[in-house]
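Each chain, written out:
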Amino acid sequence: MTPSVPTPLAARTPPLAEPSAWHEISLTVNGRPVTAQVESRLLLSDFLRDRLGLTGTHVGCEHGVCGACTVLVDDEPVRTCLILAVQCRGTEIRTVEGLAPGDAPLTSVQQAFHECHGMQCGFCTPGFVMTTTALTEQSDRPDGEQVADALSGHLCRCTGYRNIRRAVCRALDERFGE
Amino acid sequence: MSHDSHPHPHGDGSWIGRSVPRVEDDRLLRGNGRYVDDIALPAAVEAAFLRSPHAHARIDSVDVSAALAAPGVVAVWTGDDVADLPAMLNKEELRTPPGLAELLDPVVRMTPMPLLAADKVLYVGQPVAVVFAENRYLAEDALELVDVRYSPLAVLVDPERSLTPDAPLLHEELPDNTAVTVAARAGDPDTAFARAHAVVSERFEAHRYVASPIETRAISAQVDPYSGRLTVWSGTQTPHRLRDAIAHTLGLEPAAVHVIAADVGGGFGQKGILYVEELIVPHAARRIGRPVLWREDRNENLTASSHAREQIHRIELAADSEGLIIAVRDRITVNFGAYNMTGLVVPYNSLCHLLGPYRIPNVDIDVVGVLTNTTFATPYRGAGRPETVFAMERAMDRLAAELGIEPEELRARNLVGPDAMPYATGLVDRSGRPQTYDSGDYPELLRRAVAKADVQGVRARQRAGARDGKHVGIGFAMYIEATGLGPFETARIDIAPSGRVRLAIGAPSQGQGHRTSMAQIAADAIGVPFDVIDVVGGDTEATPFGVGTIASRALVNAGNATHRAGRLVREKIVEAAARRLGVDADGLGLSDGVVTSKEPGGPSIGLAELAGRAPLPGTPEPVDGRYGTEISETVHFRPPGFAVSAGAHAAVVEVDAHTGGIEILHYVVVHDAGNIVNPMIAEGQVTGGIAQGIGGALYEEMVYGPDGQPRTGTYMDYLVPTSSEIPDLDMDETFTPSPMNDLGVKGLGEGGAIAPQAVLAGAVEDALRPFGVVVRRGPLSPSRVRDLIRTADRT
Ligand code: FES
Ligand code: FES
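Residue numbers (this note's numbering), protein chains in the order written: chain G, 10 to 187; chain X, -18 to 776.
Hints in this document: simulated from the structure, not taken from any laboratory.
Some hints could be false.
[What the hints assert, rightly or not] Counterexamples of contact, computed for chain X against chain G with all Cβ distances above 12 Å:
#1 THR417
#2 ASP713
#3 PRO763
[Claimed, not checked] Computed footprint of chain G on chain X; a stretch qualifies when at least three of its residues, placed anywhere within it, have a C-beta under 8 Å from a C-beta of chain G:
#4 668 to 680
#5 695 to 705
These numbers were taken from a predicted model, which means no experiment stands behind them.
Heads up, the beta-carbon is just placed ideally off N, CA and C, and yes, glycines get one too.
Please work from the sequences and hints to get the whole structure.
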C-alpha cells in the first residue's frame, strides 16, 4: 500500500510509552486519508509537522496565544498546539500546504498577502492565511468587528499588521465584492 | 501612498526605486519555508535544557542517573561533560575599536559564560544540564529526573543596588559588578550649566522588554560521514560569526563548519549574538554521532534568551532664555544582566545617540554597564537608541514645559540645519572617528510631522475640556540613527552557464526581503533583468566572509558590495563580449542581459551565449583564456563612515482618566533613509519597527520579582500587541542621499522602533497635563497610568 501522505525522512515518532497510551486514528489531511498510531499526548501540531512532514504549520508559543499553528479542522480555525492528535479522529484537516498544492496558482487569500506585502519573515503567515481562508468561506461577509476579532488571535512581530489588514480586506473584497 | 512615487536614485536605474513584489513570498505562502525546525535530519535526537530555577546560587551537586535511565534518553550532560571546552565569549562584540579605545579609554570587562553552569548560576534560565533523547517529549520527561542541589545566594536585580560597595559579587574574578564604563565630554559643560537660564534635571527609566520573534531560537547540526564536516542550521543573524565560534570552541578549522541560516522567523537583534546552545548542539552532533536538534520554547525565549532596553538616565538639560540648549549632562546606567555579552555596543550607542538631531555644544555623558542576576541583555532593534531617545525627548518636553514653549517649537529651535551638513557633534562615533552626521534635513522632517499632526486641532479639543474623563494629548519625538555599521560586508556574483546570475551575500535575511532588494540592485548594476538573479544569503559556503544582518547595516553594506560587484561583473561581461565579437569594448553597452553595439545595426550577444561556453569537446577555446562560467567578482564593501538616518514622529492619543486606557488616535512618522531601493519593503520595515516600539511603550515589560524570578514568562503575561492595538500609520518621507556610499542609501530596519516610546510618553503626559503628571517610565499600562494620576493628585 502506498502511503497516503508523504512520510518525512525524520519522523520524530514517540516510540517508547506504555501501549495503553497509543491510539489508532484515522482522519483526512488536505483531502487525503491518513491512518496513524499516536501517543495520547501527541499534539496535533507535532503530528502534522513531525509525523506527516507538513511543516508549514508553525509553532510559535505552544500555549495558544500566537496563532501561528492555526489550521482548519472541519473548516474551523483551530490552534494545533492546544489540541491532541487523538482528538482529531474522523476530522477533516486543512493546512497551508493544502491550499495551492504543488504548482497550483496561489489562492486569492495567499495572493492578497503577497500583493499587499502582508508578510516579512513569513513565520506567522500560514496561521493568518488559514484564519483568513476561513473568513472567506463564511456564507456572509464578516463585519469589521468579526474580522478584527479573528485577527486578534494572531501575533505578527514583523509587519506591524497594517499590511496584513490590507491583505485580509483585499481577500474579502475578492470573495464578497467590494 | 503610491509605491511608485519614489525618486530613482540613478537616472538609468530601472529596478532600484520600485516596489518590486517579493520573490520570497510564494514559497513562504505555500508552507514551503525552511526554518530550522522544518529541516528533517534522519535519526536526529532532540535536546532539552535544564535551566536554573534560582537567580543566584551555588550548585552543590547534580545527579543525572535517573534521567539517563529514562526511556529514549541518549545522553545527559552537565557542566563537567563540557569542561574541556572553552567558556563562551562573544569575542567580536567585546573588541573595542582602536580609535575609540585610544580616545576614550573605556573599561570593558569580559565575562565568559560557561556552556553549562558547573559551580554557580547567575540568572533564572541559565543552562545547567542538557538531555538528548529520541524526541522532545522524552527529553522533557527526563529533565524532570535530573536532580540538582543548589545553595541560594543573595540576589541582585536592581542595577543601582548592584553598584553599591556592599553588593555581593556576581563574578568573583571582577573587582565589582561593573562590566563597562565609558564617558565622553565636549565643550565646557560645567560652565554652561552655571550660566544657564533654565535647567531641568530628571530621572527617566527605560524598562526592560524583549525582541520576541514569533519563531523562537533553534539550531540543528549533523556531521557528514563522508567529509567529516559539520553542517549547522541556525536561526542566526550572524552565520559567519557563529561558524567561527563553533570552530573555535570545538577546535576545528572554520572551513570544517558550514552554517546555514535558511529561513529565519524574525530576529530583531535577539538572534544576532552567540548563545551557549549554539555551541552545545554542534558539539553533541559530533560526540553522539547523530544529528541533533534543539528548538526553544516560548517560556525559554522570554526568560532565557537575551533581553533589552533597561536603562536609567539621570539627565540634565541647560538652556538659555531663547530656549537654545547649551548643555546636556547624563549619567546612564545600563542593566547588562548576568553576563557581559556585547560590551560597549549598547552603552556606546546610547552615549553617541543622546544628542540626536540637536545642536548641543557642551556635553558630559557617563555610561556604566552593570551586572545583575537577570537574563543577559543585548541589542534589540535600535540597540541603545530607543532608551536614549526616551531620555532626551522626555527631557525636551520637561524643558519646554519649564520655559513655556510648545514642545515642537523648542525642538525646531535646536535642530541641526541642512546647511550645517555634514555636521560634527564634537563626540566620536562607534568606530573611533569624529562623529559626523553625513546628510539630512531635520527641520523639514519636523515641519512635515507637525503639519500632519494637526496641533491646532488637538489644542482646540484640549481647550474644550475632557469629555467623559477622556483627555487628548499630542507628543513629538525625533531621532537620528548611525546606520551601516562596518567593518565590511561581502557580495559575490557568478554568471551561470545558462546566463542566470547568482548573487551571494554575507548578510542573511530574517524577513527583510533581501532576495528582492539585492536582486534589484544587482539587476541595475549589471544590466540584466531582475528575474535572472538568484540571491543566496546566510550560507557560509556561499561567501567565506560576512558579518551579518544587524544594526541597520545589510542594505548599506551588502547592498553597496552588490552594486560594486555588479559593476565589475558588467565590465568583465562587456570585455568578454568585445573579444568574442572582435570589436572595441567602448562601443558596447549592456542592458537587459544583452551586450549590444552602440552603433545601430552592430553585433550583439546575450549573456547565456557568452557565459555558456563549457569546456566540452568541440567547444572553441575561450577568447580570454577563461570560460564564461568563470565570470565572477567578490567585493567586500567597507563603509567609510556612518550613513545617518533620521525621523520625526508625532502621536495623538486619548487617555481615559477613569480606566487608564490609551487609544492612539493618530500616529505620524516622517523618516529619511536616503535613497530607497524598494519602497514597499522600506515601508514594511518602518511599520514593523513602530509596532514593536508601540508594544514597548504601552504593553510589553519583562518583570522580575526582587528574588530574581521572572514574572512574565508566557504570552499570557508578557503582552505582545495584536492587530487591534496597532493603528494604521500616517507616513511621509524625505530622501537625502548618503554621501557615504555609491547607492546613497541609509539603513532603516531599526529606525521605526526608536521613537515610539518617547512620542507616546510625551503625548500621554500632554493629555494628562490637567493632573500635572510626568511620565518617567513605561510601559504605559492602564494601571501605571492610573497610578500616575493618583500620585500626581496627591503631590
Ligand atoms: S503555537 Fe499554537 S498558538 Fe502559538
Ligand atoms: S511576518 Fe514575521 S512574524 Fe509575521
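Consistency of the no-contact label for ASP713(X), given chain G and a CB cut of 12 Å: Non-interface label stands for ASP713(X): nearest chain G Cβ at 15 Å, farther than 12 Å.
8 Å C-beta criterion, at least three residues: is the stretch 695 to 705 of chain X covered by chain G: holds (count 7)
8 Å C-beta test of the stretch 668 to 680 of chain X against chain G, three or more residues: holds (count 6)
No chain G beta carbon within 12 Å of PRO763(X)'s: 18 Å, holds
Assertion that THR417(X) lies farther than 12 Å from chain G (Cβ): The claim stands: THR417(X) keeps its Cβ more than 12 Å from every Cβ of chain G (closest is about 31 Å).
Checked against the numbered hints given earlier, the structure satisfies every one of them.
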